[in-house]
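Novice: Protein chains in written order, with my numbering: chain A, 1114 to 1411; chain B, 1114 to 1411.
Everything labelled a hint here was simulated from the structure, so no lab data went into it. Incorrect hints may have been included.
Because identical chains cannot be distinguished in the list, a pair is counted as satisfied if it fits within a single copy or across any two copies.
20 angstroms max Cα-Cα, derived EDC-like pairs, lysine to aspartate or glutamate [said to hold, decoys possible]:
1) 1146 x 1277
2) 1263 x 1394
3) 1146 x 1279
4) 1219 x 1206
5) 1284 x 1208
6) 1263 x 1135
7) 1263 x 1150
8) 1146 x 1281
9) 1219 x 1208
10) 1219 x 1173
11) 1379 x 1291
12) 1146 x 1291
2 protein chains.
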Amino acid sequence: MDEFDLKGYLSRRKQIVEEALEKVFPTASGLEKRVVEAARYSLFAGGKRLRPILCLAAAEVVGGDLWPVMPAACALEMIHTYSLIHDDLPAMDNDDYRRGVLTNHKVFGESVAILAGDALLTEAFESFASCVGAGINPDRVLEVIRVAVKASGYRGMIGGQVIDLECENQKVSLATVEYMHIHKTGALLSASLEIGAILGGADRERIKALRAYGHHMGLAFQITDDLLDVEGDSTLMGKTPGSDAAKNKMTYPALLGVIESRAAAKEHVDSSLEALSGFGEAAEPLRAIARYLLVRRG
Amino acid sequence: MDEFDLKGYLSRRKQIVEEALEKVFPTASGLEKRVVEAARYSLFAGGKRLRPILCLAAAEVVGGDLWPVMPAACALEMIHTYSLIHDDLPAMDNDDYRRGVLTNHKVFGESVAILAGDALLTEAFESFASCVGAGINPDRVLEVIRVAVKASGYRGMIGGQVIDLECENQKVSLATVEYMHIHKTGALLSASLEIGAILGGADRERIKALRAYGHHMGLAFQITDDLLDVEGDSTLMGKTPGSDAAKNKMTYPALLGVIESRAAAKEHVDSSLEALSGFGEAAEPLRAIARYLLVRRG
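Bound conformation, chain A alone (with noise of 0.2 angstroms):
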């Protein structure tokens, strides 16, 4: 079982999920075109893919198959894009650089960057609804549909997203940082899960057992992603680490201290892995993603 080869497989997904993002989100001609530009250059500017993987794998793990979900799987790469783009704007987090390359607003101006973001949300609605034309399920796209905009307006990450800039520069309890992540970080990448599971045809106790494992992991990779600003090296994470700090943002190692915060990663990676007990082989990709948490270095 230890012999996935994860890397190889996170390369192969990486690519057909690019691939298809090429056909939902292609070039345009039209006056708009400069907006459709700046979308497509934080679309394509390098991210791994985690979301629409993790969507892929929760439908092939409940039996489903791949191609159907892939507008869906889709569909969660633009949310995520656009929540950066709109993250990084000058009134937000007012970042210059992302994964390397500047800000889509320091590449086409704040006014475009807002409407690029704006354009990718309403989009992955169209290639949420596009499933359909996949054989799936009207009732099925629906729910997805309605988990989607659950994990990913106020009610999931713009509420998470919230309170992170409320909270900047003051001193919250452990309990306000979990909160905040859940919302801002986990609630998408358990929907990525649960949506995969909705559209591959799972029953309700997979998908609850598939979302679990997302919330788990979903932590795991927040605390693991706090710990890397702490002691990552900036080549393999495209960001500079400690940049956490130097804005006064509250992450685990700063409440917790590195020994526990590493402890509480390794909880919520059994806790993950545990939860895909009844799943078989067809599993073990989502096993190795939560595993490989511990050991990552960027």
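Following the hints, put chain B in place on chain A, whose structure we already have.
Specialist: Chain B in isolation, oriented as in the chain A frame:
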């Protein structure tokens, strides 16, 4: 026929739409409270509710019920409101007032205003999806979502806004101004009618007729809006006359002159009425709305 009480009709419809919006986008109590408060500030800042009213009227014209369509009508108003919040931002039109009250970012700050817009756009798709619970066929609901995306994304409203920003302070042709309006405001107005017709159970021919009405009515609306900016009364308009000219916005009167613009508005109103020729008495509200554009004072 001329005795149709448009004022009473619009006021009653505005009220039921606002009651529905209150349920679709209620106050929140968690840490995300502030972004919901900001979204509601603009959602309840006194709009005419034209898009929901058109959507409901279209559903009725084709024999559909009012209430199953209401969540979609609310979704259209949420999309319209998000676009106003983002358009008013300092990086965009930089407006301090809208409808006589402070714009969202002047009250809540830029970061919360951006997120409030994002939240309204996101929740709009929950509201569309929820039509299925009101008994509408899921395939029709998905079709409506795709119509809404096309009308509000880069192929519609966002595309129009990008063109508007690029054309500011530039001499552009009438064709470009028309292209901009058809995208920036026309697409969502037209979609409001199309969506009402689809959800009301219309066949392709009737959907097409109502979309055509929306197209011409939307252009007449825009031309008369531009004319009001030249001739209007600020107390009725909620904005300062002459503000378009002050910003070097390309308007119909600036390009065609006042008399030609009036003639163009009249032509579009006539075409919109022509598109309704196959409908009986049930279309009277839509006819009255179109005719009103030629005598509007605010």
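Novice: With reference to the structure, classify each hint as holding or not holding.
Specialist: Hints, one by one, checked against the model:
1. 1146 x 1277: The answer is between: 13 angstroms across copies meets 20 angstroms, while 33 angstroms in one copy does not.
2. 1263 x 1394: Cα proximity of residue 1263 and residue 1394: none, with 31 angstroms in one copy and 41 angstroms across.
3. 1146 x 1279: between (36 angstroms within a copy, 11 angstroms between copies)
4. 1219 x 1206: Both: 13 angstroms inside a chain and 19 angstroms across chains, each within 20 angstroms.
5. 1284 x 1208: neither (22 angstroms within a copy, 35 angstroms between copies)
6. 1263 x 1135: between (26 angstroms within a copy, 18 angstroms between copies)
7. 1263 x 1150: between (28 angstroms within a copy, 17 angstroms between copies)
8. 1146 x 1281: between (36 angstroms within a copy, 17 angstroms between copies)
9. 1219 x 1208: within (9 angstroms within a copy, 23 angstroms between copies)
10. 1219 x 1173: neither (39 angstroms within a copy, 48 angstroms between copies)
11. 1379 x 1291: Within one copy, since 16 angstroms is at most 20 angstroms while 59 angstroms is not.
12. 1146 x 1291: Only across copies: residue 1146 and residue 1291 sit 17 angstroms apart there, 40 angstroms inside one copy, limit 20 angstroms.
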